[in-house]
Amino acid sequence: RHGEVEAGMALGLLDREARMEVARPVATDALLPGLDQTRTVGLVTLPGAFVGMLLGGASPVEAGAVQLFVLVALLAVQAVAVAVVLELVARGRLHRVS
Numbered sequence: 024r025h026g027e028v029e030a031g032m033a034l035g036l037l038d039r040e041a042r043m044e045v046a047r048p049v050a051t052d053a054l055l056p057g058l059d060q061t062r063t064v065g066l067v068t069l070p071g072a073f074v075g076m077l078l079g080g081a082s083p084v085e086a087g088a089v090q091l092f093v094l095v096a097l098l099a100v101q102a103v104a105v106a107v108v109l110e111l112v113a114r115g116r117l118h119r120v121s
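Using our numbering, the first residue of the sequence shown is number 24, and each one after it goes up by one.
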């Protein structure tokens, strides 16, 4: 997608802005699997932390709270990873070697 970055720069965008224009849609796509997993929890599958806590004798409310924490933590880690990669791409520190 190097050509798209160069086209953006030819239109007057700064190097960083041109890279962000190309990388931003990809970054939103990177978060979709985690969001889809969170949406289907409890409908399609019973999550491991939830079932494990129930089998261990915890109440359903406690098990649900732990599972919610796990899901939020996973989404947060994915969001941080996407933000770091996006920033590295925007700074020109991370690029594809062909």
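It is worth saying that the hints were derived from the structure and are not from the lab. There may be inaccurate statements among the hints.
[To be verified] Taking CB as the label site, the calculated pair distances span:
id, residue 1, residue 2, range
1, 47, 98, 10 to 20 Å
2, 34, 78, 56 to 66 Å
3, 74, 29, 44 to 54 Å
4, 82, 120, 50 to 60 Å
5, 83, 119, 26 to 36 Å
6, 103, 69, 48 to 58 Å
Every residue, glycine too, gets a C-beta built ideally from N, C-alpha and C.
Problem set entry | Outcome for the supplied range 44 to 54 Å, where the beta carbon pair is residue 74 and residue 29 | Holds, since residue 74 and residue 29 (Cβ atoms, about 52 Å apart) stay within the stated range.
Exercise. Taking 56 to 66 Å as the hint, is the beta-carbon distance of residue 34 and residue 78 inside that range?
Worked result: holds, 59 Å
Problem set entry | Consistency of beta-carbon spacing, residue 69 to residue 103, with hint 48 to 58 Å | Given a distance of about 27 Å, which is not inside 48 to 58 Å, the answer is violated.
Exercise. Holds or violated: 50 to 60 Å for the Cβ distance of residue 82 and residue 120?
Worked result: This hint holds: roughly 52 Å between Cβ atoms.
Exercise. Should the hint that residue 83 and residue 119 are 26 to 36 Å apart at their CB atoms be regarded as holding?
Worked result: violated, 47 Å
Exercise. Falls inside 10 to 20 Å, the C-beta gap from residue 47 to residue 98?
Worked result: holds, 19 Å
In terms of the numbered hints stated before, the structure departs from hints 5, 6, listed from lowest to highest.
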